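Student: Kindly generate the complete structure, drawing on both the sequences and the hints.
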Amino acid sequence: MTPLRVDVAIIGGGLVGSSAALALRRMGMDVALLDRRYCGAQASGVNYGGVRRQGRPPEQLPLSQRSHAIWPKLKSLIGIDGEFLRSGHLKLATTEADMASLEAYAAKVTDAGLELELIGHNELRRRFPWVGDAVGASFCPGDGHANPRLVATGFAAAARRAGVHVLENTPVTGVTRNGEGFVLEAGQGLKVMAGTVINSAGAWADEFAASFGEPVPLKRIYPSMIVTEPMAPVLTVNIGMEGGGIYARQVERGNCIVGGERGEPLSDPDFSRPRSDGAMTIMHRAATLFPGLAKAQAIRFWSGTEAEMPDRNPVLGPSLTTPGLIHAFGFSGAGFQIAPGVGEVLAELVRDGRTPTPIEAFSIARFTAGSPPARTTVGSGAGEKQEP
Amino acid sequence: MSLFQRIARQDHAPVPFMLDGKPCEGREGDTLLTAILTNADKVRVSEFSGAPRAGFCQMGACQDCWVTLADGERVRACTTPLAPGMHILTGASA
Amino acid sequence: MSRAQPLIVGAGPAGVRAAETLAKAGLRPLVVDEAPACGGQIYRQPLVKDGRDAHDLYGSEAEKAERLHRAFAALSGRIDHLPRALVWNLRDGRADIAVDGVNRTVNYDGLILATGASDRVLPVPGWTLPGVFTLGGSQVALKGQGCAIGRRVVFAGTGPLLYLVAWQYMKAGVRVVAVLDAAPLSAKRNLLGGLALYPAIILRGARFAAELKLRGVMLRHGISDLSFEGKDRVVGVRWREKGRENYLSCDAVGYGLNLRPETQLADLAGCAFIFNERDRVFVPQREPSGRTSVRGVYVAGDGAGIAGADAAELAGERAALALLEDRGLQHAAGRAAELELELARISRFRDVMEAAFPFPAHWAATVADDTVVCRCEEVTAGTLRSCVRDFALDEINRLKAVSRVGMGRCQGRFCGASAAEILAAETGRSVAAVGRLRGQPPVKPVPLTLIPREAAE
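Chains as they are written, first to last, in our numbering: chain A, 1 to 388; chain B, 1 to 94; chain C, 1 to 457.
These are computed hints drawn from the structure, not numbers from a lab.
This structure is a prediction, so every number in the text was calculated from the model and none was measured.
Every residue, glycine too, gets a C-beta built ideally from N, C-alpha and C.
Result set (DMTMM-like, lysine to aspartate or glutamate): computed pairs, CA atoms no more than 20 angstroms apart in a straight line:
id	chain 1	residue 1	chain 2	residue 2
1	C	K24	C	E325
2	B	K22	B	D71
3	C	K49	B	E28
4	A	K295	B	D20
5	C	K231	B	E47
6	A	K295	B	E47
7	C	K24	C	D80
8	A	K73	C	D390
Taking beta-carbon pairs under 7 angstroms as the criterion, some of the chain B residues facing chain C (in silico):
id	residue
9	L3
10	R9
11	T34
12	D41
13	F48
14	M59
15	C62
Tutor: Put into structure tokens, the structure is as follows:
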């Protein structure tokens, strides 16, 4: 088979890989986007769908703000709006301590442009009467939610239309340096030669990083989601809880999506399912926190496979061992909102070798240079039981 | 006008219930689906198009006959026995 | 240490015979069924006695129905029976069972899935209208509720059930306007091959058709372009036949294209699936014994692949014998072989029936763009086709993700096969190649307030 020669080969067709592919193609580059199964079918397609800046650690906010500008333009960028709704994001505090934590966060990120509003108990009752019992909340009016099943798939489809070689069901079995570039071996004798390689393989990215001498402490997580039958409007905004618990949103068609707890992998570890006990826990929490959902029926659960880093920050930036290799993975359950921005950043890194968006905090160096970094504490990221 | 035609149980004990605020009568041994469709010609309307529906499989498989009771409870009409005093909402007026 | 009890899901012909066989060997199975009483769909019992006897309810199958009901009643005290109970999730020897708003998590050792079947359908214009029910549903109304679905009823589709239900309606005094069979009359010649295997069944079918004809019911074969018309409810049926368009007014329709197995729980239990070419459907991979790819999980009856009620009784018993053998208990090996032989014979008969009443898969492939395919989410054929094109999709779960087909309350039971046919036709792939919808719990809706039993007590 004649090898496919491209400027950039991207391993992993999730939202990060697909948006990078589209951005690179629009810069005029020849791009191959390879996925072991289907583009947008893993973490990018089965996540909760929160489009949220609020609660992110401050070091992620410049990147998150960059993405924030892209979301309303999806229609012109990829041809569909991805059901993006700028509903606002309400982070609830159910204890005084959680409220203090929301206040501390708001103070810390005042310059980031999130326009957070701290809301006391009475005002919460007045503005969001469908919330059961909470001490207070922090509201980010510019945040929202979207349909994850559409957005990543939409980016991949747009990339394909723009001329990217989208190769699905094409697992990359080996990547090696070859002179100035790389050779990728990818299923059924296919070889791809590329000057630059982007490792956006999500929960499978650690293998590729390790093969270039950069082992990382990536852990697989399986978020757990339930969806109700379609209902009259109850949840008018995207909801999270400080300190974890559940997160919930209602789509325009009426279904409420509630997430929390963790699922577990199946015998084929590429697939996972919520646990019954975990699902029942989040169902109960939702019915308690939102009395309007107390009579609702759950019609479907889902889970997915995501990659988590110990400090809940992604690995984003050039490899330290291998020129021409760029990593972008480990978004720790909170990649959906920032991925379109990451795609642009990756394209700049390929073309210019640098990006105006600060990403130093996400360098893979933090895992190779001595002691592992401390867990990010400001903001929720997406640690255990926390909000994506 | 009703969809269903009773062949048996005509003389069974009547069971009073309300359908969208209107007093109706079923028979002992009725499911909600039977009780509704011997009095009316739909059990619900589609959430999306507003088109009328009256169930389909009648064996709890297709889930096309979920109705709301006046207390907000959601039940599948074809597998729920009728009880006296139930108030069923088809959502038709909503 | 005592082992957990075996779990049987379904109390139809397969489930009841499985329970009987296990009980006879000294095991105490837990039998879970959604209905209030045993019998499954075919031998379903009315909610209350209504003056009709077994012959009124089950016709020629009255004796079998009564035998099955009696056999189950005789197990009282030797098995545990959870009626009105939904098994909504299975995983690694644990079942979640919802009973009246309370959840029981049950550990089982040995699982026999006897989950039965529901009507196989393809979307046709107007199939969501009030007054259009499945053939099985039409039968449930009559058998279980003593109601006819209308006053002037058309039965359309194909399969033996088409004639049986029409005949039952006629016998009950309901005006049957027409029986419209998608299978061409020429296909019926295949039934001759069935005479050697089960002459009584073939002759009974012939008698139904003859009696319908004798009573003036219009019988049509080889119909196509079927549509149900009406605005708020069905008022008529339109179809083509020998190139001509026909229309009949009616106030109800029973519609079905034979049956499809209920396989969600086998999927959740981790069973491997294979594509059955004859029925154009994915079924759990199984040995003649009912053993699946997962140790300790067995399938029996129509849920394992359509074979009918007689086969279900045999398969239920056979699966139970396999469970006994796998547990190292005494089992009747001779009986097992006998059962497998008879089941193989019935399977050959099924080949005959499918040839006589072929599934018109092309109806889905060519269905008009504005026809709803997924009743729950109201996804049209046109939406499916444009999703396939716009997103370059070639796999059914991807199509589900993008279009919402199969995402609604029924979890794709009634649209999955049609969506797969449309996807296959759009992409030029085989329906086997586009795959099957992956099962997700809960297999049917459960309330958000479902209380774990420990918390309820």
